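Protein chains in written order, with UniProt numbering: chain A, 1 to 203; chain B, 1 to 203; chain C, 1 to 203.
Hints were generated in silico from the structure; no laboratory data involved.
Please note: incorrect hints may appear among the correct ones.
Below, a sample of chain A positions facing chain B; criterion: calculated Cβ distance under 10 Å [to be verified]:
| hint | residue |
| --- | --- |
| 1 | Gly22 |
| 2 | Pro56 |
| 3 | Asp60 |
| 4 | Val135 |
| 5 | Leu136 |
| 6 | Asn138 |
| 7 | Gly183 |
| 8 | Leu186 |
| 9 | Met189 |
| 10 | Arg191 |
Computed from a predicted model, the values in this text were never measured in an experiment.
Note that the Cβ used here is the ideal one computed from N, Cα and C, for glycine as well.
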Amino acid sequence: MFLALLTYVGIVVFAASGALAGVRRRLELFGVCVVGLTAGLGGGIVRDLLLGVTPPVSFDRWTNATVALGASLLVFYVHPHLGRLRGVIGVYDAVGLGLFATTSASYALDLGASHFAAVLIGAVGAVGGGVLRDVLVNEVPLLLRRDLYAVPALLGALVVVVWAALGGPGDLGLLVGTVAATGLRLLGMWRDWNFPVSAVEPT
Amino acid sequence: MFLALLTYVGIVVFAASGALAGVRRRLELFGVCVVGLTAGLGGGIVRDLLLGVTPPVSFDRWTNATVALGASLLVFYVHPHLGRLRGVIGVYDAVGLGLFATTSASYALDLGASHFAAVLIGAVGAVGGGVLRDVLVNEVPLLLRRDLYAVPALLGALVVVVWAALGGPGDLGLLVGTVAATGLRLLGMWRDWNFPVSAVEPT
Amino acid sequence: MFLALLTYVGIVVFAASGALAGVRRRLELFGVCVVGLTAGLGGGIVRDLLLGVTPPVSFDRWTNATVALGASLLVFYVHPHLGRLRGVIGVYDAVGLGLFATTSASYALDLGASHFAAVLIGAVGAVGGGVLRDVLVNEVPLLLRRDLYAVPALLGALVVVVWAALGGPGDLGLLVGTVAATGLRLLGMWRDWNFPVSAVEPT
Numbered sequence: 001m002f003l004a005l006l007t008y009v010g011i012v013v014f015a016a017s018g019a020l021a022g023v024r025r026r027l028e029l030f031g032v033c034v035v036g037l038t039a040g041l042g043g044g045i046v047r048d049l050l051l052g053v054t055p056p057v058s059f060d061r062w063t064n065a066t067v068a069l070g071a072s073l074l075v076f077y078v079h080p081h082l083g084r085l086r087g088v089i090g091v092y093d094a095v096g097l098g099l100f101a102t103t104s105a106s107y108a109l110d111l112g113a114s115h116f117a118a119v120l121i122g123a124v125g126a127v128g129g130g131v132l133r134d135v136l137v138n139e140v141p142l143l144l145r146r147d148l149y150a151v152p153a154l155l156g157a158l159v160v161v162v163w164a165a166l167g168g169p170g171d172l173g174l175l176v177g178t179v180a181a182t183g184l185r186l187l188g189m190w191r192d193w194n195f196p197v198s199a200v201e202p203t
Numbered sequence: 001m002f003l004a005l006l007t008y009v010g011i012v013v014f015a016a017s018g019a020l021a022g023v024r025r026r027l028e029l030f031g032v033c034v035v036g037l038t039a040g041l042g043g044g045i046v047r048d049l050l051l052g053v054t055p056p057v058s059f060d061r062w063t064n065a066t067v068a069l070g071a072s073l074l075v076f077y078v079h080p081h082l083g084r085l086r087g088v089i090g091v092y093d094a095v096g097l098g099l100f101a102t103t104s105a106s107y108a109l110d111l112g113a114s115h116f117a118a119v120l121i122g123a124v125g126a127v128g129g130g131v132l133r134d135v136l137v138n139e140v141p142l143l144l145r146r147d148l149y150a151v152p153a154l155l156g157a158l159v160v161v162v163w164a165a166l167g168g169p170g171d172l173g174l175l176v177g178t179v180a181a182t183g184l185r186l187l188g189m190w191r192d193w194n195f196p197v198s199a200v201e202p203t
Numbered sequence: 001m002f003l004a005l006l007t008y009v010g011i012v013v014f015a016a017s018g019a020l021a022g023v024r025r026r027l028e029l030f031g032v033c034v035v036g037l038t039a040g041l042g043g044g045i046v047r048d049l050l051l052g053v054t055p056p057v058s059f060d061r062w063t064n065a066t067v068a069l070g071a072s073l074l075v076f077y078v079h080p081h082l083g084r085l086r087g088v089i090g091v092y093d094a095v096g097l098g099l100f101a102t103t104s105a106s107y108a109l110d111l112g113a114s115h116f117a118a119v120l121i122g123a124v125g126a127v128g129g130g131v132l133r134d135v136l137v138n139e140v141p142l143l144l145r146r147d148l149y150a151v152p153a154l155l156g157a158l159v160v161v162v163w164a165a166l167g168g169p170g171d172l173g174l175l176v177g178t179v180a181a182t183g184l185r186l187l188g189m190w191r192d193w194n195f196p197v198s199a200v201e202p203t
């Protein structure tokens, strides 16, 4: 119950990030909703395709699309008033990242994926929606540009998989993994951690 | 038979739209054909992947690729003479949109997808080829920019699904859905209907 | 054994091409590795999704990702010294193209795909990683712009499929197909063969 609630929070946050990207591109209402739906549901759809779950869950469960659509509409109509929420949105985004990483990894394990596959699929589930969002609006994905974004996702998925391999209770593993991933992401944002750029430009 | 013929018309129209986009980008002959094939077959391939049909039908049925390739070659060599056909192409495109939406939805139902999934998969099958085309040539997808494009696709798929749920004969449902979707698309083009753009630009 | 070795050579070459594209885009280390992994493993992942192999092999076999990651790191740290290797990389890339085309086609046949599907899936497996790489870094795919790139891939896959249909020994077919595809690609590079561009720009 708590888990399902958190999943919807993740969808809302990612859908809002997509809708905001659409508004910035001056898209019409419908285009904004499409980018919002893509960002909110895309990670889970890619995860399902990698796991052979067809149709993907978001195509069967109407609540996912409805929640993502609602968040997109909200952003479209109230974004001028979102200014002060920007910092908070960064926090929600970090929570969504952690949550999608751990729930996707756990879902992959449940469907019989290997440990290695579960870690990768967890990370792809966490970052996939954002990549699709950026490809749609024709930008180099934030994943590639942003400081330390996918590493927390890998960490969260890894915690879940190791925890499960050690026989720990699943719900607690999800919680620990999410806290670890979200915490590392927030720490990276706060400390402005970055990976190096190559020193010499290729000719 | 009539249905199969219309499906090929849809592939031809979408392949031609892709090839034209490639010509505009000054691609070589082969690149033009690749974009044409992607636009003509992409929607069906995405639909099949979402439904777990592997390999996708267009990889198994050589006629689909052949028809799309022929349309691409035709556009490459005769596009300077297409000027006057532009308006007519808009009509064919609307027909293709309606047809792909209804046949994809019907196909999804046949494979046991839920009603909700069939509507979404119908719409994705109708717009998917165009999105892949635009991503390949590095543009923001028309789907996101164009007035009222995906709504007719959703309508067509919805008509097919509701019709089937009410127990109506399938062929007639396909026809009604296609007419509804194509009609709404043409009406939107004729009346220049648009969705609103957000009033305030985010800072 | 020899085949497995060559497969890893293919992954290394494509991963290096992706990492180099990332370095040129001034991405951070992590982004460079993501593009490298995408280019090195993407073709195989797309091939597996088209064939219904889930999770894709590269998600289950840790060696693939490790090799691609190693190649990406190498490029990131030593690319300033790669200048003289550029010509050689073109050769490796041609080898990778041929190898991915033939092994993907052979793999598709083993999984029961039709002859037609095996040829197409072989070509997609060979060019898919490069297309994903270019879409990620927001460029029109080289596949669409480059002289005579996908034709050798189609040839290599075709040789494998015809060879198998004639009952020839599989390993030899892989070798002949790879030599044919790589040879045609190198010949095209050497002779600077190009497809025509449409004479008239559409208005």
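Hints, one by one, checked against the model:
no.	hint	in the structure
1	Gly22	7 Å, holds
2	Pro56	7 Å, holds
3	Asp60	5 Å, holds
4	Val135	6 Å, holds
5	Leu136	6 Å, holds
6	Asn138	5 Å, holds
7	Gly183	28 Å, violated
8	Leu186	23 Å, violated
9	Met189	20 Å, violated
10	Arg191	26 Å, violated
Hint check: violations occur at hints 7, 8, 9, 10; the rest are consistent with the structure.
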